[in-house]
Each structure stands twice: as structure tokens, then as C-alpha cells.
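Peer 1: The lines below spell out each chain.
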Amino acid sequence: MDRIPILKMGDALLITIQVDMHDRLALALEEDLTAKIAATKAKGVLIDISSLEIVDSFIGRMLDNIAAVSRMLDADTVVVGMRPAVAITLVELGLSLTGVKTALNVERGMLMIQNRLRGLGDFSGRRS
Amino acid sequence: MAVVRDDVMPVRSSDDIVRVRQEVRARAIEIGLSLVDQTKIVTAASELARNTLDYGGGGTTRLEVVQDGGRRGIRLTFEDKGPGIADVELALKDGYTSGKGLGLGLSGARRLSNEFFIESKPGEGTRVTIVRWK
Amino acid sequence: MAVAADWAGVISRHHDEIIKGWLQQLRDDGTLQTGRIKDAELEGECRRMLALVGPELAHGAAHSPLGGELRDMLVALSRSRALQGFTPSETSNFVLGLKLPLFGAIGVDYPDQADVIAGATIEATRKLDRLALLTIESFQKSREEVIIRQQREIAELSTPVVKLWDGILALPLIGTLDSERTQVVMENMLQSIVEHSAEIAIIDITGVPTVDTLVAQHLLKTVAAARLMGADCIVSGIRPQIAQTMVHLGVELNVISKASLADALALALQRIGKRVVDTAGATAAPVEFLR
Ligand SMILES: Nc1ncnc2c1ncn2[C@@H]1O[C@H](COP(=O)(O)OP(=O)(O)O)[C@@H](O)[C@H]1O
Ligand SMILES: [Mg+2]
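Residue numbers (my numbering), protein chains in the order written: chain A, 1 to 128; chain B, 1 to 134; chain C, 1 to 291.
If you're looking for bench data, these hints aren't it; they were derived computationally from the structure.
Watch out, some of these pointers could steer you wrong.
To be verified - When the alpha-carbon atoms are kept at most 20 Å apart in a straight line, the in silico EDC-like pairs for lysine to aspartate or glutamate are as follows:
#1 C:K221 with A:E92
#2 B:K134 with C:D72
#3 B:K134 with C:E187
#4 B:K81 with B:E119
#5 C:K141 with C:E195
#6 A:K43 with A:E30
#7 B:K134 with C:E145
#8 B:K134 with C:E195
#9 C:K163 with C:E195
#10 B:K121 with B:E64
#11 B:K134 with C:E180
#12 C:K127 with C:E45
#13 B:K100 with A:E30
#14 B:K121 with B:D87
#15 B:K100 with A:E31
#16 B:K134 with A:D64
#17 C:K141 with C:E69
#18 B:K100 with A:D64
#19 A:K36 with A:D74
#20 B:K134 with C:E153
#21 A:K8 with A:D48
#22 B:K134 with B:E89
#23 B:K134 with C:D28
#24 C:K99 with C:D28
Extracted from the complex, chain A is given alone in its bound form (with noise of 0.2 Å):
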């Protein structure tokens, strides 16, 4: 079976997300990526979805379930890149992502994590 790759960049992990994904795989990153932030003590996790086309409510909720896992082990998710249509799309259907951060791109979403680390917060207070 497929998995996505994490990739350790820094102090944070990052995970990009490039094919339809199906169930499973969900899943599969789930798991992978909660040993991952364990044996890396990694304090942050960056989720590039810019190339999903849509994000339903399963895949919310893994991204959910992912921000909530890492925050017990004490790193911050930031989803980075969703497109405007997917966005609209999602506030439609109700879904608001409250448990994690969000930011434009990859960088500014590494920026973040730099930031907390230094103490800094991120510049917005955006939702945590």
C-alpha cells in the first residue's frame, strides 16, 4: 500500500499531500505520522494541501484528529495552502478546522512554527 511521505524539515515535520486520497491512506498518515512526531520531537507539523482539490468532511476530520494528536505531544499543526474554491467549499459545509492553524503557503506556515518556538507567537494570535 501507498504512503505519504514525512519529511523532516527543521524542527518540524512536513507532509504533502498530492493524490486523491482515499480512506486508507488517510489512516496510514494518521498513524505514521503520530510515531513520527514521537521519535522526532518534532514541535511542529506542516500539511501542504495546495494540491487537493477538495477536502470533505473525512479528510477534515484527519486533519482535525492530526492537530488534536500533535498538540498532546505538544506540536503545532499548520494546514498550509488550500485553495480559495476548496475553502469556500468547506465553509459551506460547515466544517471550520477550529483545532488548527492555517497559513498561505509553506513557508509562511514554517515561519509560525519558528515563531512559537522563539516565544514570539504567531503575529496574529490566529486560531489555536
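Got chain A sorted already, so can you dock chains B and C with the ligands onto it with the hints?
Peer 2: What follows is chains B and C with the ligands alone, placed relative to chain A:
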């Protein structure tokens, strides 16, 4: 309302859900839906096909391109012979789930469509139909 | 009705005459005058419709749903007439012009059978009138589509998203917002956020006289969508009346709001870590933004 094109796809595995999404996207592009509207109908399809699989024990998705006078649309029908829904009104409430979901599938799909119909009989199955017009 | 007219037979026996008479009728009505449609093209349309209308007259009951192919043809025809600038009556005359030649033909085939002719004429009139109504309806619909599209285009043109600073966009809205325009404008803004990698978007509604519930909801949804994308919105210039209406409508604008675009820009700059300072000698207000 005339049916311009009509396809039926199985929904038996999570790979089938991916295929349904791809096929709905192709139809949506074909009838010229805007990117946002494409995304809305594909997302609604994903939610409903997942319900067919998870709660209905599998079934089918029917994809139709329909025409009413000058306007075109996509009509999707999700059907299963599963346990049915005892209280449809409750199932349509935001946040209601009998499983581990977020309870936004039915209510969300309704908001994402122009037309929404649901028929369900306990013990017989469930049929949900949505339409999105250009 | 004792004997029904054999429409199929009548049409096949008098086919060419009917077409000729019909075209003459259309010419007399002026359909061809402005040169918007060519003689040959019009004749092709007549032939196609006659081929489709024959079976409809022969079989279809007066109140049965219109045949698919005939219906589609007339819808398409009315649409192109609408786009070419024909009037609704010119469009419906296309169908109505068929009546006289048809009735002439039936008179020839059933001489001295007034009851057959009367029955057939009434029946055909009903059907052709329905078809004529269909063309008017489709014509109207196409015109509406054109208008909606133009409104969209105007909305886009009249609402530019402007870059105020690196990472800061502003959307100065002016005039009445309807739900359609709001949606277009908001989608554009979200797209611009991506294109400019803007962290902050200021939606300035100083120039908006009123806001209804639907528009307020669009506004809120856009703010929520921007957040999901990783950008923040500031709404500026909410007029007192609008604030009051919204509270009365039960719409809580749960967003960051500032009195003026200048205040919003000051906040935005602060958020991206910039500060505006007085330079030596200058005494003007720090940030004065003129639209
Ligand atoms: N096809 C179906 N067959 C049986 N029950 C269904 C079906 N679709 C939905 N339901 C019921 O409706 C509830 C709400 O569905 P939904 O809004 O999609 O939320 P979720 O999938 O998160 O539970 C489900 O939890 C289930 O009890
Ligand atoms: Mg569901």
C-alpha cells in the same frame, strides 16, 4: 427535464469513492460549471458516496447530465439497500452522527446542492438525489 | 371528431409548397430584412422544424410534453435569435408563420370536409401556439443569462482588488451589494490573496449604503474561507445604519472591524511587523490613505 447522459457506478470500496469524485468532476467540467461550483458538487458527491459505503453497506451512484430548457445540470443519485435511516430529520441535523463522523455529510451536501431529495425506509435502504445547475 | 386529418400525408404531399409559403410569410414579417440571418440558413431551419413537427402533429396529444428533439431545436434556435438581437415577436413568428401554409395544404387535401379541417386546424393551432410560447420563454431565458453574465463582468470590473503593501490587499466596495455581485467579488478577492501571497485583506465597505442578510452572510463566509487559506480579513467602514441593521437582522459580524480604511491599514501594517513613523520636520498624520 431531458437526460443527456446517464452512467451508473458501483460504490463498494473507498477506491470507488475516488472514482465517483473523478467522474463527477469530469461531468462538471463538461457542462461548464465554475471552479467553485465544480468543487461544491464533487465534495457533496464525496460525502454521499461515503455514506452509501459506510452506512448503506455499499450501493451505486448514478450520474446524469440533465437539461431543462436552456440550462444544464448534473443530477446524482446515491442508492443503497442498507439499513435505512429511521429519523431522516435528525440525520439531516448539522453535527448528528451515529458513527464517528462529523455529522456534516447530509446537511453539508444539501447546502452544496441546488436541489436535494432523500428517501429512506428502515430495513429497505436509502436514496439521496442532488442536482447542481449551471 | 369522426375522421382525423392525416397530417403526415398532408405534409409529405405538400412539403415544398409549405416550405415556400412559410419562407414567404417570414420574409413578409421582416425576419430576413436586416441580414442577420441568411436565406439559406432560414430555409434549413424551416426544413428541420417541419421534419420534426410532422410527427408531433400526427401523434402527440395537445397536452403531451413536447417532443425532446423538437423542443431542443427550438430552444437552441431561440437562444441564437436572442443573441443575434432579434425581437421576441420575430422569434415566435418563426413558428407561427407555419400556420397559414399548413392550413392551406389541409384545405386542398380535404375539400368539402369542413369538420375535418376545423378539427385539424384547432389541434394544430394549439400545438404551434405552445411551440411559439416555448420560443418566447427560451428567448427570455437567454436574454436573462446574457444580463447576468454582463452583471458579473461589470461587478468584476468595478471592484478591483488593490495591493496596499506587500502582503496587504484592499477591496474597496462601492455601491449596492447584491448577493450575486458579492459572491463574484469575494471569489476574486480570495484568488488575489493566493496570487499576492497576502496575509491580510481589508474589505472596505465605506461606499456601501446598505447590506442585507444574504450579503452579510457572504461577507462572513468569505472571512471564514480566507482564514482557512491562511489569511486574515479586516472589515472597515461599516456605517452606523449597517451595523444597526445587521444587529437587528441577527447577523453578528464576528470579524475584526475598523472604523476607516486608514485605521485598518494601520492595524494591518502593525500585524505584518511594520510601523509608520513621522520623519523629521513632517507634521502630517501618519497614515492617510486616499481612495
Ligand atoms: N446511506 C445511509 N444509510 C443509512 N444511514 C445513513 C446513510 N447516510 C447517512 N446515514 C445516517 O445519517 C447520519 C448522518 O450522516 P452524515 O451527515 O453524513 O454524517 P456522518 O457521516 O459524519 O455520520 C449518519 O451518521 C447515519 O446514521
Ligand atoms: Mg457522512
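Peer 1: Is it true that the CA of B:K100 sits at most 20 Å from the CA of A:E30?
Peer 2: holds, 15 Å
Peer 1: Is it true that the CA of B:K134 sits at most 20 Å from the CA of C:E153?
Peer 2: holds, 17 Å
Peer 1: Against the 20 Å threshold, does the CA-CA distance of C:K163 and C:E195 hold or violate the hint?
Peer 2: holds, 11 Å
Peer 1: Does the alpha-carbon distance linking C:K141 and C:E195 stay inside the 20 Å limit?
Peer 2: violated, 36 Å
Peer 1: Is the straight-line distance between the alpha-carbon of C:K99 and that of C:D28 20 Å or less?
Peer 2: Cα-Cα ~14 Å, so holds.
Peer 1: Regarding the pair B:K121 and B:E64, is the alpha-carbon distance no greater than 20 Å?
Peer 2: With a Cα-Cα distance of about 24 Å, the restraint between B:K121 and B:E64 is violated, given a limit of 20 Å.
Peer 1: A:K8 and A:D48: Cα distance at most 20 Å?
Peer 2: OK: A:K8 and A:D48 at ~13 Å, within 20 Å.
Peer 1: Assess, step by step, whether the Cα of B:K134 is no farther than 20 Å from the Cα of B:E89, and give holds or violated.
Peer 2: Answer violated: B:K134 to B:E89 is near 28 Å, above 20 Å.
Peer 1: Between the alpha carbons of B:K134 and C:E187, is the straight-line distance 20 Å or under?
Peer 2: holds, 17 Å
Peer 1: Please verify whether B:K121 and B:D87 have alpha carbons no more than 20 Å apart.
Peer 2: holds, 10 Å
Peer 1: Tell me if the straight-line CA distance from B:K134 to C:D28 falls inside 20 Å.
Peer 2: violated, 38 Å
Peer 1: Between C:K127 and C:E45, is the straight-line Cα distance small enough, at 20 Å or below?
Peer 2: Answer holds: C:K127 to C:E45 is near 18 Å, not above 20 Å.
When each numbered hint is compared with the structure, violations occur for hints 5, 8, 10, 16, 22, 23.
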